[in-house]
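Student: For reference, the chains in residue letters:
Number of protein chains: 4
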Amino acid sequence: NNNQQYRAEIMDRLLKRCRIKSRLFRECLAEFFGVYILILFGCGSVAQVTTSQNTKGEYPSINLGFALGTTFGVYVPKGVSGAHLNPAVSLTLCVLGRFSWTRLPFYVWSQLFGAFLAAATVALQYYDAIMDFTGGHLTVSGATATAGIFSTYPADYLSLWGGVVDQIIGTAALLVCVLALGDPHNTPAPPGLEPVLVGAAVLVIGISMGSNSGYAINPARDFGPRLFSYIAGWGDEVFRSNKIIHLWMCNKIFLYKQLGILFHCNHDTEPTKN
Amino acid sequence: NNNQQYRAEIMDRLLKRCRIKSRLFRECLAEFFGVYILILFGCGSVAQVTTSQNTKGEYPSINLGFALGTTFGVYVPKGVSGAHLNPAVSLTLCVLGRFSWTRLPFYVWSQLFGAFLAAATVALQYYDAIMDFTGGHLTVSGATATAGIFSTYPADYLSLWGGVVDQIIGTAALLVCVLALGDPHNTPAPPGLEPVLVGAAVLVIGISMGSNSGYAINPARDFGPRLFSYIAGWGDEVFRSNKIIHLWMCNKIFLYKQLGILFHCNHDTEPTKN
Amino acid sequence: NNNQQYRAEIMDRLLKRCRIKSRLFRECLAEFFGVYILILFGCGSVAQVTTSQNTKGEYPSINLGFALGTTFGVYVPKGVSGAHLNPAVSLTLCVLGRFSWTRLPFYVWSQLFGAFLAAATVALQYYDAIMDFTGGHLTVSGATATAGIFSTYPADYLSLWGGVVDQIIGTAALLVCVLALGDPHNTPAPPGLEPVLVGAAVLVIGISMGSNSGYAINPARDFGPRLFSYIAGWGDEVFRSNKIIHLWMCNKIFLYKQLGILFHCNHDTEPTKN
Amino acid sequence: NNNQQYRAEIMDRLLKRCRIKSRLFRECLAEFFGVYILILFGCGSVAQVTTSQNTKGEYPSINLGFALGTTFGVYVPKGVSGAHLNPAVSLTLCVLGRFSWTRLPFYVWSQLFGAFLAAATVALQYYDAIMDFTGGHLTVSGATATAGIFSTYPADYLSLWGGVVDQIIGTAALLVCVLALGDPHNTPAPPGLEPVLVGAAVLVIGISMGSNSGYAINPARDFGPRLFSYIAGWGDEVFRSNKIIHLWMCNKIFLYKQLGILFHCNHDTEPTKN
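Protein chains in written order, with the working numbering: chain A, 37 to 310; chain B, 37 to 310; chain C, 37 to 310; chain D, 37 to 310.
Don't read these hints as lab results, they were simulated from the structure. Errors might be hidden in some of the hints.
Said to hold, decoys possible - Ranges of calculated distance between the beta carbons of each label pair, as one might list FRET restraints:
id, chain 1, residue 1, chain 2, residue 2, range
1, B, 138, A, 138, 50 to 58 Å
2, D, 90, C, 275, 37 to 45 Å
3, D, 141, C, 138, 49 to 57 Å
4, C, 46, B, 41, 25 to 33 Å
5, D, 141, A, 197, 36 to 44 Å
6, B, 192, A, 41, 22 to 30 Å
7, D, 273, C, 90, 23 to 31 Å
8, A, 145, B, 56, 32 to 40 Å
To be verified - Partner residues aside, some chain C positions facing chain B, computed with beta carbon under 8 Å:
id, residue
9, 55
10, 58
11, 132
12, 149
13, 180
14, 201
15, 209
16, 212
17, 213
18, 221
19, 225
20, 228
21, 237
22, 246
23, 268
This one's a predicted model, so the numbers in the text were calculated from it and none came from an experiment. Think of the CB as a built atom: it goes at the ideal place given N, C-alpha and C, for glycine as much as any other residue.
Make the full structure from the sequences, and use the hints.
Tutor: What follows is the structure, given as structure tokens:
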């Protein structure tokens with residue numbers, strides 16, 4: 037009816053007003069939202085498993101949480117920013133000349149900020165649960181340890197080099213899968229289903245490479261929430277496994293560069309113009 | 037052969053006769069069926085897990101039951117009514133001027149009635165199981181509590197504000213995912229697979245936000261079965277967690293409106309004409 | 037190279053020779069293979085869970101076994117026979133004038149024979165396991181009962197009418213989903229993925245309606261293996277739950293007819309010509 | 037901006053330089069990578085379940101690991117080599133005149149080498165975990181047996197003929213599914229999703245036929261890692277179940293040939309030219 041069409045027109049005008057002019061800002065917002073969704077679902081699933089003491093999900097549901105988190109974390113920003121979701125990816129694209137160095141810092145900050153805020157959201161949503169489970173003692177280790185909700189910690193048996201090797205293999209595996217899915221000269225994923233298959237890649241990595249150090253194959257995913265847990269009261273113990281992290285970040289970025297060249301990394305990561 | 041073609045023609049005439057003339061009635065019937073399927077599978081999976089005492093499925097199978105329930109609950113009515121399945125969605129669309137206020141009450145009643153009748157169906161289907169499991173004592177809490185089959189109850193540790201925050205975050209997450217999947221300016225889901233991906237969004241929300249208060253992110257899904265369990269003999273205890281519900285319903289509708297404007301909610305929810 | 041092309045030509049001629057002329061026979065063969073695959077995977081998963089005493093899969097993996105069994109059981113014959121896989125479906129299509137009465141008996145026999153032979157195959161494949169698990173005592177009930185591998189048995193608490201209601205609801209749910217997926221006037225499943233979504237429907241029914249009497253929503257699936265287990269040495273106890281089965285078969289066929297008319301059953305079940 | 041375009045051009049020239057001229061070498065590299073991915077994820081999931089003593093995944097996650105491993109193991113080489121991933125497949129295609137005998141040895145060696153190196157990678161990645169779990173005693177049987185990470189061992193109850201039958205049925209099931217998915221005269225899988233559905237076939241076989249002897253339906257998948265575990269210190273006990281393996285390899289190749297002819301094996305396995 038007319039009244040309805042009239043309201044719709046008004047709405048359209050409003051929407052046009054709301055539209056953000058700056059393309060860079062829209063891209064940063066997209067990256068922010070993408071990483072935010074990824075961490076919200078991923079860390080949320082860890083929080084649910086931890087605080088419910090495995091009664092409302094076990095380890096596999098964490099794998100699935102991060103997998104589907106990735107899927108929707110790619111769906112949300114893909115059309116706007118190309119869904120890097122990962123500082124190492126953005127940096128690699130710069131090195132490969134597929135992404136401008138000037139936009140790099142904005143992307144990285146958006147990603148880190150998204151991860152940080154998502155961790156805060158999970159902490160807010162599970163505040164009562166965490167308090168009830170820990171009795172208010174926020175610890176990194178022990179029977180009621182909850183720091184693992186936010187960032188990853190290597191298994192006790194893991195040596196430094198073991199952690200480095202684990203991260204290199206995990207990242208290489210993710211990369212080979214993602215690049216194969218996006219390579220038009222190969223068998224690309226069907227249009228519109230790439231995010232689902234990238235999620236599947238994250239799922240299988242969690243199933244086959246998760247037990248050593250929690251497959252933290254994304255610096256933003258790991259550092260943002262870790263920083264939050266440090267500030268929020270888990271203390272500086274959260275930064276003990278620092279060395280490993282730094283090492284694999286370097287290794288990873290180097291790796292991205294090499295593999296990127298080998299596999300024509302440029303196919304699937306060019307942000308779609310709009 | 038001719039005989040077969042003849043029968044087919046007769047059938048076609050019969051079908052034409054059966055065809056419902058009123059479009060509004062067809063839409064209401066569609067919404068009714070959609071919510072009915074959603075609750076039939078969703079609450080059914082809870083009933084199976086509860087009455088089989090985790091031997092024929094555990095918490096994750098409930099997440100999957102609601103996820104696939106949503107998938108088929110969207111497939112069934114989508115072509116006719118646009119598959120709102122949710123009073124808050126219908127209301128939001130009215131506010132956004134995408135849906136006529138005159139049809140709103142019919143939609144909402146169909147949704148509530150579908151949820152109510154589905155709960156009754158589950159109770160009928162699991163009557164023997166519930167009687168065997170509870171010994172005839174229909175309780176809301178305790179070792180043999182069965183009210184949870186029909187509607188959601190917050191965890192003991194959950195504070196009022198904790199529940200409100202939980203619901204706001206859960207609804208916002210669902211919305212962002214659903215809107216991204218339907219946004220043609222972004223990376224939309226492949227045609228014909230939207231229902232599957234909406235189901236995946238419900239799945240990941242159940243995996244990452246299910247333990248606080250059971251992610252009842254749909255007023256019809258929660259109120260219809262709750263009313264049934266009240267009438268069917270679980271007593272007025274089922275309405276104890278009322279306050280939370282009212283609060284998040286308000287919050288949610290407000291939220292839908294805001295986000296709807298932000299994300300051009302109109303893309304994926306216009307009922308397809310037929 | 038030439039030698040290779042030459043071999044290929046020879047092969048093509050061989051294939052042409054092998055090609056079965058009679059279309060009816062090809063269709064029956066297709067139905068046979070479809071049901072065979074469905075039961076091979078479905079009952080196989082039950083055998084694995086039973087004989088491994090839940091160490092190599094639990095109840096959900098049985099749901100998944102029948103779901104994926106259905107998926108591939110539809111992929112294999114769909115192009116040839118339309119993948120009825122179910123006597124009730126074939127009969128309904130006859131009643132609806134979409135399938136010739138003359139072909140009905142051939143289809144039903146192929147389906148039953150496929151189910152029977154698949155049960156025999158599972159028994160052959162798991163012979164050592166069953167012998168090791170049961171110590172050679174093939175029983176229908178008790179701690180080492182193995183008759184459940186082949187056909188479904190109602191839970192102890194289930195009353196006759198409870199079983200009937202359970203079967204009617206289960207079959208109706210399956211039908212509504214399958215018909216919605218195939219209805220071009222609605223939101224049909226993407227071409228080539230119908231079998232996957234039909235499998236998903238079977239999965240959610242197993243998750244939400246499996247605990248009462250094992251969702252035996254297909255007479256061929258239930259009767260063929262039951263007959264085998266009777267012959268193979270489980271004794272006539274396997275036919276005790278007969279009454280229920282007969283009742284729901286009648287109810288189901290009646291139901292198919294009604295719903296078929298209501299939902300234009302003809303859309304998705306016409307065998308594709310070839 | 038120009039600077040960026042300039043860098044991109046340089047990169048393209050670099051890529052052209054990197055491009056491998058020999059088509060055969062590219063195909064072998066593709067087969068190598070495909071099997072490598074398959075085993076990396078498959079055996080990795082076994083390693084995670086074994087060394088974490090079922091706390092970070094149980095038997096089903098192994099099924100999923102091999103299923104998704106197959107999916108990505110097909111995505112990676114499909115466009116280049118047709119993704120045989122299996123000596124028996126390559127051999128069958130030769131027999132069917134669809135693949136040149138001259139390329140056969142290169143393919144088989146690439147597949148075996150990929151499987152061997154992937155097993156080594158898994159051992160490297162899980163070195164600390166295996167040492168911590170076994171205390172340094174690498175055994176084939178016993179409470180802390182770890183040889184099962186690399187290759188499959190029949191259950192204790194399994195007789196020789198039982199193993200042979202198990203393997204024949206498993207291979208036949210896989211074949212029928214894969215051939216149906218690729219048969220254009222039937223209902224083929226949607227373009228770009230074949231790898232996912234082949235993975236689903238592997239999943240359902242693992243769910244329904246995994247408990248007898250671990251569904252080692254691929255000689256390369258089994259022999260490569262077995263050889264590695266022999267060399268790496270698990271001793272010659274890893275070759276005890278030899279007889280079975282040889283038998284089913286012969287049976288399988290024979291089977292492939294027969295079924296291949298019956299089902300027009302040629303449809304889905306011709307390597308796509310590029």
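Student: Going through the earlier hints one by one, which of them does the structure break, listed in rising order?
Tutor: Hint check: 4, 6, 8, 9, 10, 12, 13, 20 and 23 fail, others pass.
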